[in-house]
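With these hints in hand, go ahead and build the complete structure from the sequences.
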Amino acid sequence: MDVFRISRRSALAAGLVTVMPLRRALAQAYPDRPIRWIVAYAAGGGTDTLARILGAAMSLRLGQPMVIENRPGAATNIGAEAAARSAPDGYTVFSADNGTLVFNPALFRKLPYDPDR
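At position 73 of the sequence shown the residue is numbered 73 (my numbering), and the sequence of numbers has no breaks.
Since the hints were derived computationally from the structure, they do not count as laboratory data. Fair warning: there could be bad hints in the mix.
Quick list of simulated restraints, FRET-style, between CB atoms [to be verified]:
{"#": "1", "residue 1": "R9", "residue 2": "R61", "range": "36 to 42 Å"}
{"#": "2", "residue 1": "I53", "residue 2": "K110", "range": "33 to 39 Å"}
{"#": "3", "residue 1": "L54", "residue 2": "R9", "range": "42 to 48 Å"}
{"#": "4", "residue 1": "P88", "residue 2": "G44", "range": "45 to 51 Å"}
{"#": "5", "residue 1": "L12", "residue 2": "F108", "range": "53 to 59 Å"}
{"#": "6", "residue 1": "F108", "residue 2": "A56", "range": "32 to 38 Å"}
{"#": "7", "residue 1": "P31", "residue 2": "L101", "range": "22 to 28 Å"}
{"#": "8", "residue 1": "S10", "residue 2": "A57", "range": "42 to 48 Å"}
{"#": "9", "residue 1": "T49", "residue 2": "R9", "range": "54 to 60 Å"}
{"#": "10", "residue 1": "P31", "residue 2": "R52", "range": "17 to 23 Å"}
{"#": "11", "residue 1": "G90", "residue 2": "K110", "range": "26 to 32 Å"}
{"#": "12", "residue 1": "P115", "residue 2": "S10", "range": "45 to 51 Å"}
{"#": "13", "residue 1": "L50", "residue 2": "P115", "range": "18 to 24 Å"}
{"#": "14", "residue 1": "P88", "residue 2": "L12", "range": "36 to 42 Å"}
All residues carry an ideal CB built from backbone N, CA and C; glycine is no exception.
Have a look at this one:
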């Protein structure tokens with residue numbers, strides 16, 4: 001008897017067991033309200049323009065509006081703080097540059113957010 005031989009029924013059962021939890025996850029109605037997109041730069045810049053173009057495309061795809069919120073200032077710390085304090089529910093997107101998470105911890109003694117989270 002070959003111990004590595006798996007019957008079709010066993011393979012099907014194993015496949016269904018691994019896929020069944022996904023069915024419940026896919027049944028959730030996301031998004032069911034507008035999504036907030038925080039941009040850590042002033043309106044009219046490259047990051048803002050890209051966020052607005054992508055936000056419009058995502059709105060059509062998701063069926064919910066993308067609200068672009070510009071929070072410039074303090075070397076992107078204001079926008080990063082707003083994103084860090086938002087509810088962890090998947091309805092907030094944050095756009096900034098590498099400096100927000102890489103350089104700002106070296107430049108500022110105290111940050112209003114945890115760059116490691």
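Outcome of the hint check:
no.	hint	verdict
1	R9 / R61: 36 to 42 Å	holds (39 Å)
2	I53 / K110: 33 to 39 Å	holds (35 Å)
3	L54 / R9: 42 to 48 Å	holds (46 Å)
4	P88 / G44: 45 to 51 Å	violated (30 Å)
5	L12 / F108: 53 to 59 Å	holds (56 Å)
6	F108 / A56: 32 to 38 Å	holds (34 Å)
7	P31 / L101: 22 to 28 Å	holds (25 Å)
8	S10 / A57: 42 to 48 Å	holds (44 Å)
9	T49 / R9: 54 to 60 Å	holds (56 Å)
10	P31 / R52: 17 to 23 Å	holds (18 Å)
11	G90 / K110: 26 to 32 Å	holds (28 Å)
12	P115 / S10: 45 to 51 Å	holds (47 Å)
13	L50 / P115: 18 to 24 Å	holds (22 Å)
14	P88 / L12: 36 to 42 Å	holds (37 Å)
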